[in-house]
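Okay, here's what each chain looks like letter by letter:
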Amino acid sequence: MKRYEVGHAGAGKTTRLANQLVAWLEAGVRPDRILVLTASRAAAKTFRAALAAAPPPGASAARQVRGEPTIGTFYSLTRNHVGVFFPLIAGPAGFGDVRREPIFLDIEVAQYLMARLVAPQLAAFADLNLPRPRLLGQLLDNAHKSALAGFPLDEIATRLGSAWAGDDARLKVYRRAQDMAGTFRAFCLAHNLLDFSLQHEVFARYLLPEAAYARFIADRYRHVLVDNVEEMPPIAHDFVARLLPTCEDAVLVEDDPGGYRLFLGADPASARALRAQCDGVETLARPYEQRPLAGFGQRLAGAVGATPVRRDTRDEALRDGRVTLLNPRGKYWVSMVRAVADAIIGEVERGTPPAEIAVVAPYVEDVLRFELEEALRERGIGVRAVRPSRPLIDHPVTRACVTFARLGYPSLAPAVSADVREHELARALSVAIDGLDLARAKVIADVSRHASSERLVPVSDPKMWERVGVRFRERVDAIAAWLEAARAVPADDDLPPLDVWWQLLFGQVLSQPGFGLAADREAANVVDKLVRSARLFREAVQDSGITARGQLPADYLALITEGVMAAQFVPEGARDVDDATSVLLAPVYTYLTGEHRSRVQLWLDVNATGWYDRLYQALTHPYTLTRHWGAVLARPGVRATWTEADETLARQDMLRRVVIGLCDRCDGRLYLASSQLGLKGQEEAGELARALQRTL
Amino acid sequence: MTVQTFRLRPEQEAIAAYAGGLLRVSAVPGSGKTQTLAALVARLLKDGRVPPEGEILIVTFTNSAVDNIRARVRGLLTEQGALGDVGYRVVTLHGLAYLIIRERPDLAGTDPDFAMDDEGGGQQTLPEAVRWYRARNDAYWRSFIANDTAARSRDKAEKGWANDTEKLARDVIRQAKNLRWSSARLKAVLEAQREPLSPFLTMGAALYARYEELLRDAGRLDFDDLIVRAVLALDNDEAFRQRLGRRFAFILEDEAQDSTPLQEEILSRLSRDHGNWARVGDPNQAIMTTFTASSVRFFREEFPRRPGVRDLPLSVSGRSAPAIIALANRLAAWSEGAHPEIEVRARALSAQTLIRPTDENDPQRNPPDQPGAIQAIAFPDEETQAKRVAEGALEYVRQNPDRTCATLAPTNRFGQLIVDAFEGLLKPGEPTRYEDHLNNSVGVRNVADVLASAVAVCASPQRGQGLSDLRKALRALADGAPRKPKNDHVDTLLHSALVERLLFPSPLGEPPLPGKVPVTEPELREISALSRRAAKWVRASALPIDQLLLTIAHDTLTEEADLAIAHSLAVTARREAAQNPVWDLPQLSAQLTDIARNKQRYLSRSLLESGFVPRPGIITVTTLHKAKGLEWDRVYLTCLDANEFPHDADAQFRGEAWYLGGRDPALEARVQLEEIATALREGREPALDARALARAGRIEYIAERLRLLYVGVTRARRELRLSYASERGQGRGRNVPALALADLWSNR
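Residue numbers (the numbering used here), protein chains in the order written: chain Z, 1 to 696; chain E, 1 to 748.
Don't read these hints as lab results, they were simulated from the structure.
For each residue, glycine too, the CB sits at the ideal point set by N, CA and C.
Careful: at least some of the hints might be erroneous.
Said to hold, decoys possible - Straight-line Cα separation of at most 20 Å, SDA-like style, residue types lysine to any residue; simulated pairs:
#1 Z:K463 x E:L660
#2 E:K536 x Z:A375
#3 E:K159 x E:L660
#4 Z:K680 x E:L215
#5 E:K516 x Z:P414
#6 Z:K172 x E:D235
#7 E:K46 x Z:Q693
Unchecked claim - Selected chain E positions facing chain Z (Cβ under 8 Å, derived; list incomplete):
#8 G48
#9 R49
#10 V86
#11 P105
#12 T125
#13 L214
#14 D217
#15 A218
#16 E391
#17 G392
#18 V499
#19 E500
#20 S541
To be verified - With the Cβ distance kept under 7 Å, some of the chain Z side facing chain E (calculated, not the full set):
#21 S162
#22 A169
#23 F370
#24 E374
#25 V443
#26 V447
#27 D520
#28 G637
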């Protein structure tokens, strides 16, 4: 039996899927014959949790104990399978050395390699005002999109050109962008490197058609669950389409409205094509009275792009208090954030658990998190920020690691350590040592840098220790001694690579009791990410001949210090642990694509154009680099163009989906917060603000 | 004048009745154009002329004008029972360009997260480009310094030439951008020229190339890029242009005389389909032409020649006494009819719309004429002029504590002489009777001081001095007066405190204050409140720099104008930090301190921009340029000599440097570039005769200085004091009064 279920958020679809998983196991299905495909790692966690909560195997006679179900994202599946089947496909796919293990790149390394490869040709983009990391990011994104939609790289320029109505010079620029994607691809193939795009391309073009692989998946995945199928890219749908004829049971679930991962290649239209392969389509919905904001969401969505009507009455949701305006006349952004904090405090005082409160905003800036944390701390309310992947360097723990490397990693030039300022050292120490605040850290850093401008030396100034507290002395000395010993490593051969060095620093010092990273799971995660990123960099770059080996640590430090924007395609990072005393803070799309619902939602910056704008990038395009657009272009006789009108309709459509999606995930009250000026002092009146004017 | 009591005069009524089409309004100073514009907006909305999907776009020159117009429109609409904020939008021209680019950065060819490289304090990119150029072309660059420059003056000459190089770069870049030429295009055009070019123009082009590169690498746009790229976005997609045109169903442009040709291109494109574009301005007050690339000619001559343009005056003004009005009108008439340089006549001031006083029934009657309202005085030298002007102004406010007064100088340098003169004239114990608004206003300095001290605490949270400075800065801000250097008992306590224990009390309860010094309960409370605030900022110090500043600002500032300043400083700081990775809190604090101490300019084009309102009994010391849009009961106009306000295009000019053999690099390059561009447009060979070009540049300068003079005269409500020094000082010869007003001195 193969079912396709569609419904709004909160209709209970995922719960049904999880129950189905448990029911299969209860019924004696072999666990390793089950595939659960999710759109995000967070969703995969939900299913693992359901599995863990299921009755133990002994409780049910029929239940088998063979293996584990495969639960994960399409990304993790392709990575796994491309790795396992690499010898089978390396030759046909054109890899340089079929006997060597492939290396899967992350975005930092991919950008680094791209930068090295195309550096001499960047003048072609001189008319565009794009900082280099952005430029490189867009060149890579084009390749990603081509792989996920399944069209060849040499269509990029034509497709981009079909959305361009202006000066011909841009068409040449698109051609160059396409060439560079090709150059990068050739380099990756030659060196057995798989970036995000090549991983998917190889999977779709070489692995999926392979007869041996087809047999493997037909035997292996007899029972298939697909959650949020609308958030997956077309090649994932191709994969599911291969499974459907051979498997015994399948349930595919679609959220409607959905498609929020459009910019990550999600394609709801190609998901819907899978309906034809199922035995039936079922629509699920929760009763209207259990969805207090659904009506408001529909009205608001209806007002998007509509001709304004002058209203005589206020919207019912506003009248009966389900919707409240915050800071409506206020000028400044910070005042808005403070009004939001007050509203949260009010909610908690009236009995709403903090975990049931979510703040969603088009962008989540550091200051937003900070201001909320400061305002809520006294009330014992925490802030749990969920953010899409960000540059590693943005985390204080990364910065501390970088500072210590600059002070202690031997092969770096002496100037690097001499350039560490007191302030930077103070920050690193306060991160590294438990309970050490910035002010005391600064006292220590000043004395230490005074004693030596090149190293962190143990400080023996009794008066100072008396001042800041002798309890910190042992820790500072320990860090200094460790760095000193690390610097003393003589021969190049014994020198641990930077990633290992950081691992040692963390394991031997920073994670020990009394140090700042002991028992801090978030910090451990960050260090782990940094270590893995540095190792990958070393492994991917050292044999490519593109950079001298001795230069690697310095280049890596420069790379992360530059703050490469982790691209949108990178799978999201581990989320903070749920915490009953914290409110959730998330960007709109992260909230919508995570497994979130809340009793109270607060929408920030409702005037901001960020609610309505897609990311307009000069060198890439989310609509023309899709599978659907390929069909449009292929129509004979018509010159297809993506026009301004298409653009407007697409934006309005997306905003409607966002509005309805958010309201579907809100079980109680909604606050709409605004300020006349945005964080950067700009005045905005975006489409959401206009729709609200028409609704309220 | 409150909104309620405002009644439209017949001229204003005619404008408020505008229902569409192209319109030009020539408004004289003080004629109530903002109020008329607001009435027009309210009328259009009330009469339902704005289609439901559209809105009225009101474009103006400064942010303060935006607030001002919005407040008035909102007032009128609320009065009529309509929603205050629906159906119209008020922006600056740059704000409009920003909005267009934000809408489709891909069409504008820029990153969606572009940052602004504005002209606020410490603009870094241009000096960096100049440094780069000099490092590579040192000998060539030095070769311009005149050979006969004495060895001891060489340092001075180099310094001067370095400043000139920056100005040269700024002017060439600005002009090229207004032509929509990239540096590559400019280079190509210059290389195609057959006649030899001014070396300054080629140098300017090289600087432009580097500047462009620096901006691009950092993903930044400067103000001119905003305009260029907004036009580009509109040109790159006709459907996009049409959509915005439908959205902005009416375009009302304030201060239209200051718009640059390229800015006009934006409005012209937006109004192309509906043709509803009303432009309000005073061509006689166009004093931004050499700062921006604005060209008054378009508003004055070319726009009215478009088919179907209606022309309406706003000529009635209740601002000044009749004698002052007469002087301003006479200035305009002389300039247009009798100026010795014929080319100046058509370019400087227009006598087409003369100022008329209000009639008897007008709610805003002109102040009455009084004997000796206008006096012209010649002083023997600069120092005497500064001293006597200061004395006179001081005497005036002592005797008329309810009147306002200003001393306006053409340069900061002379303004500073007046400030210095005040220092010696105040009686012991006398309250401060003047405010120095030459560089940074007291408000800007106090805000910068608070931010600087707070950031200093973040940078060095362990220093007692830091908390004490912060406390003084907060007090100065509360008093609206300069910071008092004296320490009181609390300061002494803070100096001897272990501040880290104050900010972050340890669980062991170690005492933060030295045990021996006595301390009272209120003192303890104050110290602990201050410490709590400071501790928050220290915790915030890992935030991006602009966000840290905003957090501090919203914890300390309440006044609207102060917050606006802080926001603008935050923008500047973000840019600096993006540019310079090692830039951290200590550097930020140092820069803010420079602004607080007036060492570095935080640029606002006019006092009005920073929300300034003249206070009775307090003398405003500022420059003519910054006085735009303001009025005082008595106004001192200083340095009205033929050097500052020249009339002879063959005489030596101020900008022309002795160390460069009398050449003015920026002017030379600008004029030549303009000729090349014009010739290219007209399909002819450019006439690059250096002398003729230099002369043309001087004519523009003469005209602009006359308009500046006109602005000065029309700032006065009741009395005008005009002066100049007959000796130029340092043996540089004798001065004669500016020709435009020379008879005031000779008739005496």
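Hints versus structure:
1. As the CA atoms of Z:K463 and E:L660 are separated by approximately 61 Å, the hinted pair breaks the 20 Å bound.
2. For the hint linking E:K536 to Z:A375, the alpha-carbon distance of about 10 Å falls within 20 Å, and the restraint holds.
3. Using a Cα cut-off of 20 Å, the hinted pair E:K159 and E:L660 holds, with the two alpha carbons roughly 12 Å apart.
4. Between Z:K680 and E:L215 the CA atoms are separated by roughly 19 Å; this keeps the pair inside 20 Å, and the hint holds.
5. The hinted pair formed by E:K516 and Z:P414 fails the criterion: a straight-line CA distance of about 46 Å is larger than 20 Å.
6. Restraint check for Z:K172 and E:D235: satisfied, since their Cα atoms lie roughly 18 Å apart, inside the 20 Å limit.
7. Simply put, E:K46 and Z:Q693 have alpha-carbon atoms about 18 Å apart, close enough for the 20 Å limit, and the pair holds.
8. Taken as an interface hint, E:G48 does not check out: its beta carbon lies about 10 Å from the nearest beta carbon of chain Z, beyond 8 Å.
9. Among the interface hints, the one on E:R49 is violated; its C-beta lies about 15 Å from the nearest C-beta in chain Z, farther than the 8 Å criterion.
10. Evaluation of the E:V86 hint against chain Z yields a held restraint, the C-beta minimum of about 6 Å falling below 8 Å.
11. With 8 Å as the threshold, the beta carbon of E:P105 comes within range of chain Z, its nearest partner Cβ sitting at about 5 Å, so the hint holds.
12. Interface restraint check for E:T125: the shortest CB-CB distance to chain Z comes to about 13 Å, outside 8 Å, so the restraint is violated.
13. Evaluation of the E:L214 hint against chain Z yields a violated restraint, the C-beta minimum of about 12 Å exceeding 8 Å.
14. Because the smallest distance between the Cβ of E:D217 and any Cβ of chain Z comes to about 6 Å, under 8 Å, the interface hint for this residue holds.
15. Proximity of E:A218 to chain Z holds as hinted, the smallest CB-CB distance being about 6 Å (cut-off 8 Å).
16. Checking E:E391 against chain Z: minimum C-beta separation of about 42 Å lies over 8 Å; hint violated.
17. Of the supplied interface hints, the one on E:G392 is violated, with its beta-carbon coming no nearer than about 41 Å to a beta-carbon of chain Z, more than 8 Å.
18. Evaluation of the E:V499 hint against chain Z yields a held restraint, the C-beta minimum of about 6 Å falling below 8 Å.
19. The closest approach between the C-beta of E:E500 and any C-beta of chain Z is roughly 3 Å, which is under the 8 Å cut-off, so the hint is satisfied.
20. Annotation: E:S541 was flagged as interfacial toward chain Z, and the flag holds, the nearest CB pair being 7 Å apart, inside 8 Å.
21. Taking 7 Å as the C-beta contact cut-off toward chain E, the hint placing Z:S162 at the interface is violated, the least distance being around 13 Å.
22. Annotation: Z:A169 was flagged as interfacial toward chain E, and the flag is violated, the nearest CB pair being 10 Å apart, outside 7 Å.
23. This hint holds: Z:F370 has a C-beta 6 Å from the nearest C-beta of chain E, less than the 7 Å allowed.
24. Interface hint status for Z:E374: upheld, as the beta-carbon distance to the closest one in chain E is roughly 6 Å, under 7 Å.
25. Taken as an interface hint, Z:V443 checks out: its beta carbon lies about 5 Å from the nearest beta carbon of chain E, inside 7 Å.
26. Against a cut-off of 7 Å between C-beta atoms, the interface hint on Z:V447 is violated, since the closest Cβ of chain E lies about 10 Å away.
27. Taking 7 Å as the C-beta cut-off, the interface hint given for Z:D520 is violated, the closest approach to chain E being about 16 Å.
28. Nearest Cβ of chain E to the Cβ of Z:G637: about 22 Å, over the 7 Å cut. The hint is violated.
Going down the numbered hints, you'll see the structure goes against 1, 5, 8, 9, 12, 13, 16, 17, 21, 22, 26, 27, 28, while the others check out.
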